[in-house]
Structure formats: structure tokens, C-alpha cells
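Modelling step: build the complete structure from the supplied sequences, incorporating the hints.
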Amino acid sequence: MKYMSEYRDPELAKKYLEEIKNTVSRPWSIMEVCGGQTHSLVKNGIIEMLPDKVTMIHGPGCPVCVTPLNLIDKAVYLAVEKGVILCSFGDMLRVPGSQKSLLEAKAEGADVRILYSPLEAVKIAEDNPHKEVVFFAVGFETTAPANALSVVHAHRRGVKNYSILASHVLVPPAIKAVIDDEESKIDGFLAAGHVCTIMGNTEYHPLSAAYKVPIVVTGFEPLDVLQGILMVIRQLEQSKSEVENQYARIVREEGNPDAQKVIDEVFEVRNQMWRGIGEIPESGYAVREKYADFDATKKYNVTIEEAPENPDCISGQIMKGIKKPFECSQFGKTCKPTNPLGAPMVSSEGACAAYYHFSGLVEA
Amino acid sequence: MSENKKIRMQLQCPMPKLDFDVITLGHGSGGVLTNKLLDSGVFDLLSNDILDERHDGAFLELHGKTAFSTDSFLVSPIFFPGGNIGELAVNGTVNDLAMCGANPKYLSLSFIIEEGLPVKEFWDILVAVKFACQKAGVQIVTGDTKVVEKGKGDKIFVNTSGVGPIHPKAKISAKNIAVGDKIIISGNVASHGMAIMSVREGLEFDSEIQSDTTNLNHTILSLIEQFGENIHLLTDPTRGGVATVLKEIAQSSEIGIDLFQKDFPMDEQVASACELLGLDPLYVANEGLFLAFVSESEADSVLATLHEDENGKNARIIGTVVAEHPKQVIMESAIGGKRVISMLPGEQLPRIC
Ligand code: SF4
Chain A
1 MKYMSEYRDP ELAKKYLEEI KNTVSRPWSI MEVCGGQTHS LVKNGIIEML
51 PDKVTMIHGP GCPVCVTPLN LIDKAVYLAV EKGVILCSFG DMLRVPGSQK
101 SLLEAKAEGA DVRILYSPLE AVKIAEDNPH KEVVFFAVGF ETTAPANALS
151 VVHAHRRGVK NYSILASHVL VPPAIKAVID DEESKIDGFL AAGHVCTIMG
201 NTEYHPLSAA YKVPIVVTGF EPLDVLQGIL MVIRQLEQSK SEVENQYARI
251 VREEGNPDAQ KVIDEVFEVR NQMWRGIGEI PESGYAVREK YADFDATKKY
301 NVTIEEAPEN PDCISGQIMK GIKKPFECSQ FGKTCKPTNP LGAPMVSSEG
351 ACAAYYHFSG LVEA
Chain B
365 MSENKKIRMQ LQCPMPKLDF DVITLGHGSG GVLTNKLLDS GVFDLLSNDI
415 LDERHDGAFL ELHGKTAFST DSFLVSPIFF PGGNIGELAV NGTVNDLAMC
465 GANPKYLSLS FIIEEGLPVK EFWDILVAVK FACQKAGVQI VTGDTKVVEK
515 GKGDKIFVNT SGVGPIHPKA KISAKNIAVG DKIIISGNVA SHGMAIMSVR
565 EGLEFDSEIQ SDTTNLNHTI LSLIEQFGEN IHLLTDPTRG GVATVLKEIA
615 QSSEIGIDLF QKDFPMDEQV ASACELLGLD PLYVANEGLF LAFVSESEAD
665 SVLATLHEDE NGKNARIIGT VVAEHPKQVI MESAIGGKRV ISMLPGEQLP
715 RIC
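Just so you know, the protein sequences line up as chains A and B, in that order.
Numbered continuously in the numbering used here, the first sequence closes out at residue 364.
Numbered continuously in the numbering used here, the second sequence closes out at residue 717.
These are calculated hints, taken from the structure and not from any lab test.
Predicted model, so just to flag it, every value in this text is computed and none were measured.
Take these hints with a grain of salt, some might be off.
[What the hints assert, rightly or not] List time: in silico DSS-like cross-link candidates among lysine-lysine, alpha-carbon distance up to 27 Å:
#	chain 1	residue 1	chain 2	residue 2
1	A	Lys131	B	Lys516
2	B	Lys702	A	Lys123
3	A	Lys106	B	Lys516
4	B	Lys514	A	Lys82
5	B	Lys691	A	Lys333
6	A	Lys43	B	Lys546
7	B	Lys691	A	Lys336
8	B	Lys514	A	Lys106
9	A	Lys333	B	Lys533
10	A	Lys15	B	Lys702
11	A	Lys15	B	Lys691
12	B	Lys516	A	Lys43
13	A	Lys106	A	Lys123
14	B	Lys514	A	Lys123
15	B	Lys514	A	Lys43
16	B	Lys677	B	Lys533
17	A	Lys324	B	Lys702
18	A	Lys123	A	Lys298
19	A	Lys82	A	Lys299
20	A	Lys212	A	Lys324
21	A	Lys53	B	Lys702
22	A	Lys43	B	Lys533
23	A	Lys14	B	Lys516
24	B	Lys514	A	Lys131
25	A	Lys82	B	Lys516
26	B	Lys702	A	Lys336
27	A	Lys21	B	Lys702
28	B	Lys702	A	Lys323
29	A	Lys53	A	Lys176
30	A	Lys21	B	Lys626
31	A	Lys324	B	Lys691
32	B	Lys702	A	Lys14
33	A	Lys100	B	Lys516
In C-alpha cells form, the structure reads like this:
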């Protein structure tokens, strides 16, 4: 706790803010890639505290938000029609599919369970040998090691009724896709600290060099975020474009080699659909052929037609930082956390929901 | 955990000798088995003059303005660090009455039991009910038991209703809230919700977090006795947590509320657990906690009085009623930024990372 309060010290926060104000000489747009950072920014009221010249742009950093609609439909189908025990992390349950969400499927009687660890799903499979258990494996590089481990674990123990529906998204290719988008004008990035804990910083060096953008690996506490912002601004003001590590207390340059090894054992990189954005090359994980028996996509071979997204939802532009949530005509009107039209309004990490909850723009 | 063990030990009232180990459908039939279950010790355990009449309803004598409240309790798991569903059910209704400024007197107690519940667990729950009643000074005067088929319930559901006369000095109403009122919180936030989480299947993290379930009636009544109409409103932030309750009050009484995050009392372990799961402690459920809107002039005295009380030793002033931004609750974050507090749209689900 002391550990946490240190990163919430109001005096230090003031100092960072002062320094940001003194450093910035012209307008800059900085994207925080990770939903956790968006959350920290809005929850702590940081956006309003920053000088006008600094614009924070909320990136595609919520893995729940970018999980393809079609995959949610598949998960719902497996739970409802195939009668599998469908397990996932909590916030995945509320995301609307084209017909319904997993939470709605659960209310209608499907066996949908909220878990906190995929290893728990393997245990459920062992306890229910006559049922099929599917873990909806969503997340960034951060959750990938545990999801991969569950497959290795199930394989070792000879569990035949367990598989994962994988929808992993990778951060560096997403940053690249955002920079490549002509409409988005972003000067610097806060990279997600927890992702780098696993993967290290090495992937960011070529990106930063090729596109001449500062990338600062940043944590989630308010002071982390403030310091990260300051580090990006300092680089920008000095026309530098380097990879820096604000989160050095946790992130090592090479990441966590053990975690990388288990990811590599089970997954291979593939092109991945991002909801609201489209396909990004080499931005996701697929289960390797070796573990095909644990790959729900192959095991059930479900084909479900791609359903159209709600045409009024501009979530793609939101997640690429081209527009802000309140620039969406539906924001807070037809689209609310209780009735989300698009994914960013669902998870508390999503940019639209974060704005809705904390900025008070739509409050009475 | 030691504290928890102590509580569980206390509950080891000798279990009656029974020729059945689990509750079956027959125990809810109203026939022989029902009587056997109730006569196995239930009446003895909860015995009092009114209940001992064993009539369909209870004969009560109540004088003056009376508060009446009811609540159903469904909690999973039914045993958790710091308590079980039995005391939760007693304390919940006792506290609801106390929040009205009432002196809780009589409670009804109804069970909906899922077939297969071990009698041992039922007994532990009953014993917890007894102790909670003793502590709060209330009596169970009527009750009911039904049994549902396996799979149609979640072990056991408990409903309690209660009545109690309003304290003559109590003037509790949202209408009395005035600009300048201080908002006092009686203790640490989020303990109950996180205690439940810590033993939820699939989560089970090592912690010593205990539910804060307790009866607040004695604490509240002595505050009312002492400060009378200076206590403008009392409320217990159970489901939905502190944030939801305050937002409700702000909206319905059209007042503005300013909160200060740095003043929120919270146990370190609870704070870390919330952080770990990505839960906002402001929205996590509490049980033995209350919020009081108190006139500005008396706020410090109320606080000092509370600090003398076991239920209020961590009490703090967390906010103020303001004329600006009616209907809005605005919290100043620990680092000085401002954020608007809204209601929880649904169940708070742990975040993915
Ligand atoms: S506010 Fe709703 S409709 Fe608009 S972009 Fe966000 S999710 Fe889509």
C-alpha cells in the first residue's frame, strides 16, 4: 500500500504538472495506448489538470473492446447451442454480440462463468469430464502467458474437454497501425507498462526509430502517467524520438523470458481483426498446430456470418484517436454503459465508458 | 484469519442430535419432517415469549411512530471471513431500521433452503442469527421455512423483516440536508465486498480481509440521543457502495456533494485487493458502515463521539454538501484532480488486466 500511495503523492503530482507546464511550448498530442492508463487519467482527473497544449488521445488499448463481434457471437453460440461451459474474464461478459452478450446468454440459462484465471477453467474441465469447457482467452500480451500455460497444463494432464477461444491482441503492431493511419496525428506514445513486463521494450526501438516518435513505457498510477507524459513532452520539445522506460521499477528491457517461452510454445503470431479498426497484420496470437486439440476455433469449426456493426458507432475513429467520445452523436444519448452501442462503452477500460463514468459530460 | 477462526469457534453451539444430515424437500412440506426440523432446536435456540406462542403470526405491542423494513439475503459463499448469511440477515434489517432513526425490536426470519444443505450449516447459520439478535437486542418473533429442489436455489436464501419505534429525537429526512452539511463515514470502506471476493470460487486470494457486518443500532441511537435533529440523514452504503448511495441522494434531493478521496478510510489489504482486481472501492459493498449527513456546527462533535465507539473508531469526514453543481457528486482525487461520481451501471466486474 505504501507502494501505491507513493505513486499518488499530491505534492509530487503538482511538481510534475508544473514541470509539464514549463516544458511544453506548443501543442502536442500524446496517445496512451492502454485502457488502464485511460482509466487512470480520467479517474484521477488528470486530463483537466494538464495544460491546454497537451492533448491526450485514448488508444485502442482495451482488449475487451477490440475483440471481434464475430468471435463474441461464436462464444455465445458455443455456450447456448453447443452447451459448453464457457468461461471468461468478468468484463468480457457484458460486451454486446450481434444478438446478445454472454451475460444475457447466462441469464437465459447458458453455463457462463466468470473466472480470474484460465487455470481455474482447466480445473472445471477436470471436475466436469462429461462437459466441454471453453475459455474465452482475451487480452494483450499480459494475459497470454497464463492462457498459454492453461493449454500446456491441460495437455500434460491429458484433459481432453478443454479448449480456448483465443482473441489475443498485440500492442506494438497496433501502435504501428495507428501511426500509419493518415488521419491520426499523434506525436508520442505512452506504451503499456504491464505488456512490457512480459515482452520487454525491444519491439519498440525499431518503431520509434522508423517513425521518429517518442515511446515511453509507462505504468498506471497517477504519478506514473504524469511522469510518462512529461518524458514524452521533453523528448518532443528536444526533437528526440527514443524509447524510454518510466516503469523501470517493474519493466526490464528484455521482459520476462520464461513468460515469453510459454507464449511461444503455444501461440504463433497471426493477422488479427480488431473490432472497430479492422485487420492489423501480425497483431494477434493463434494456437499452434501442435495444440490444435485445444483450439476451440478448430475443435468446433463454427461458422457464423459476420454481422454488421452499428452504423452510428464511430468506435474505430475513437480508438485510433481521430475523434473523442463526446464527438460521437450517440455518446450519452442512445449509447450508455447500460445500453452500449459499441465496444468502447462496455468495458470500464473503454474510452467511451471511461469518459461517461468520470468526466461528467452527460450527467444531469 | 485468527479472528475469523475465533468467530467460527464461538458459533459451535452444540448441534442437536438428528437422524438426518441434510435438508430434504420433505423438510419444507409443512408436515412431520418440517416439525421435526423446527423442534430439533430451532425454537429453543431463538426462544422468546412471543415466538414461544408458536402462532401463525406474532402479537406485538408498539407505541408511537414505527419503522418497518424488509430485506432478502443471497450471498455466495454463505460462509465468509467475518461472518455468515445468518448474521448478515439480522444485521442488515436491524441497520435498515436504525438508518430510519428507529430502535429495532422485532424481526421475522424466513429461509428458502436448497435441498441438500447440510443440517450442520443450517445450524451454524441459526446460531449466528441468535448471537446477532442478542448483540442487537432484537427478537425473532415469527418465521417461515421452505425447501426448493436441488438446483433451484443457491444453498440458502434468508429474508428478514423488522419493526421498531422511531426515537423521539430523530428527524431523519433527505429534506433536512442543508448546504454546508458534513458527510461522515463511520469506518473503512469496501471490507465486506472484498471479504466475499477473497473466498469466491476461482478467486480465493490469501488475505485476512474480514466482512464488516455488525449491528449499528446502538451506535446510531446514541448519536440521535445526543445530537437529535443535527443528524439530517443516515444511510448504509451496502450494495453499490458509497458512490452509488451518495449519487442517489444527490440526484433525488438535488444537492451537490464534494468528496475528498484522501479522506476515505480504507484498510491497506482491502485497497491492495481492489487494485489487484481493478475494482473501484467506492462501488464495493459494505455491511457495517453508515454515512451521516450532519449539520456543519456539530460535525466535529459527532466525529469525536463516534471515535469513542467500536463501530466508529475509523470514522472520518469525507465530504461536504455544496450549492454548486446540484445533483452531482464530485470527488477530488488523491492528486488533486476532479472526477464526477456516477452510479454503477450494473454489477461491478473485475477488469481483465
Ligand atoms: S459513444 Fe457509443 S456509439 Fe459512440 S463511439 Fe462510443 S461506443 Fe460507439
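Structure-based check of each hint:
With a CA separation close to 20 Å, the supplied pair Lys131 (chain A) and Lys516 (chain B) stays within the 27 Å bound. A hinted pair counts as satisfied when its Cα atoms are at most 27 Å apart, and Lys702 (chain B) with Lys123 (chain A) does not qualify at roughly 44 Å. Simply put, Lys106 (chain A) and Lys516 (chain B) have alpha-carbon atoms about 15 Å apart, close enough for the 27 Å limit, and the pair holds. Annotation: proposed proximity of Lys514 (chain B) to Lys82 (chain A) holds, straight-line Cα distance about 24 Å (limit 27 Å).
With a CA separation close to 19 Å, the supplied pair Lys691 (chain B) and Lys333 (chain A) stays within the 27 Å bound. For the given pair, Lys43 (chain A) sits about 24 Å from Lys546 (chain B) by alpha-carbon distance, which is consistent with the 27 Å threshold. Between Lys691 (chain B) and Lys336 (chain A) the CA atoms are separated by roughly 19 Å; this keeps the pair inside 27 Å, and the hint holds. Our distance criterion of 27 Å between C-alpha atoms is met by Lys514 (chain B) and Lys106 (chain A), whose separation comes to about 19 Å.
Restraint check for Lys333 (chain A) and Lys533 (chain B): the C-alpha separation of about 45 Å exceeds 27 Å, so the hint is violated. About 17 Å separates the Cα atoms of Lys15 (chain A) and Lys702 (chain B), which keeps this hinted pair within 27 Å; it holds. The straight-line distance between the Cα atoms of Lys15 (chain A) and Lys691 (chain B) is roughly 33 Å, outside the 27 Å bound, and the hint therefore fails. As the CA atoms of Lys516 (chain B) and Lys43 (chain A) are separated by approximately 40 Å, the hinted pair breaks the 27 Å bound.
About 20 Å separates the Cα atoms of Lys106 (chain A) and Lys123 (chain A), which keeps this hinted pair within 27 Å; it holds. A distance of roughly 23 Å separates the Cα atoms of Lys514 (chain B) and Lys123 (chain A); the hinted pair therefore holds under the 27 Å criterion. Between Lys514 (chain B) and Lys43 (chain A), the direct Cα distance comes to roughly 44 Å. Violation of the 27 Å bound is thereby established for this hinted pair. Annotation: proposed proximity of Lys677 (chain B) to Lys533 (chain B) holds, straight-line Cα distance about 24 Å (limit 27 Å).
Distance restraint check for Lys324 (chain A) and Lys702 (chain B): the Cα-Cα separation of roughly 19 Å lies within the 27 Å cut-off, and the hinted pair is therefore satisfied. Pair hint Lys123 (chain A) plus Lys298 (chain A) holds up; C-alpha atoms about 22 Å apart against a cutoff of 27 Å. Restraint check for Lys82 (chain A) and Lys299 (chain A): satisfied, since their Cα atoms lie roughly 12 Å apart, inside the 27 Å limit. Restraint check for Lys212 (chain A) and Lys324 (chain A): the C-alpha separation of about 25 Å stays at or below 27 Å, so the hint holds.
Using a Cα cut-off of 27 Å, the hinted pair Lys53 (chain A) and Lys702 (chain B) holds, with the two alpha carbons roughly 19 Å apart. For the suggested pair Lys43 (chain A) and Lys533 (chain B), the alpha carbons sit about 41 Å apart, so the restraint of at most 27 Å is broken. Restraint check: the Cα-Cα separation between Lys14 (chain A) and Lys516 (chain B) comes to about 56 Å, which exceeds 27 Å; the hinted pair is violated. Distance check on the hinted pair: Lys514 (chain B) and Lys131 (chain A) sit about 19 Å apart at the alpha-carbon level, within 27 Å; holds.
Pair hint Lys82 (chain A) plus Lys516 (chain B) holds up; C-alpha atoms about 23 Å apart against a cutoff of 27 Å. Between Lys702 (chain B) and Lys336 (chain A) the alpha-carbon distance is near 21 Å, which keeps this suggested pair within the 27 Å criterion. Annotation: proposed proximity of Lys21 (chain A) to Lys702 (chain B) holds, straight-line Cα distance about 19 Å (limit 27 Å). Distance restraint check for Lys702 (chain B) and Lys323 (chain A): the Cα-Cα separation of roughly 23 Å lies within the 27 Å cut-off, and the hinted pair is therefore satisfied.
Proposed proximity of Lys53 (chain A) and Lys176 (chain A) is supported: the alpha carbons are some 24 Å apart, at most 27 Å. About 25 Å separates the Cα atoms of Lys21 (chain A) and Lys626 (chain B), which keeps this hinted pair within 27 Å; it holds. Restraint check: the Cα-Cα separation between Lys324 (chain A) and Lys691 (chain B) comes to about 25 Å, which is no more than 27 Å; the hinted pair holds. Note on Lys702 (chain B) and Lys14 (chain A): the hinted pairing holds, with a Cα-Cα distance of about 14 Å set against a maximum of 27 Å.
Distance restraint check for Lys100 (chain A) and Lys516 (chain B): the Cα-Cα separation of roughly 25 Å lies within the 27 Å cut-off, and the hinted pair is therefore satisfied.
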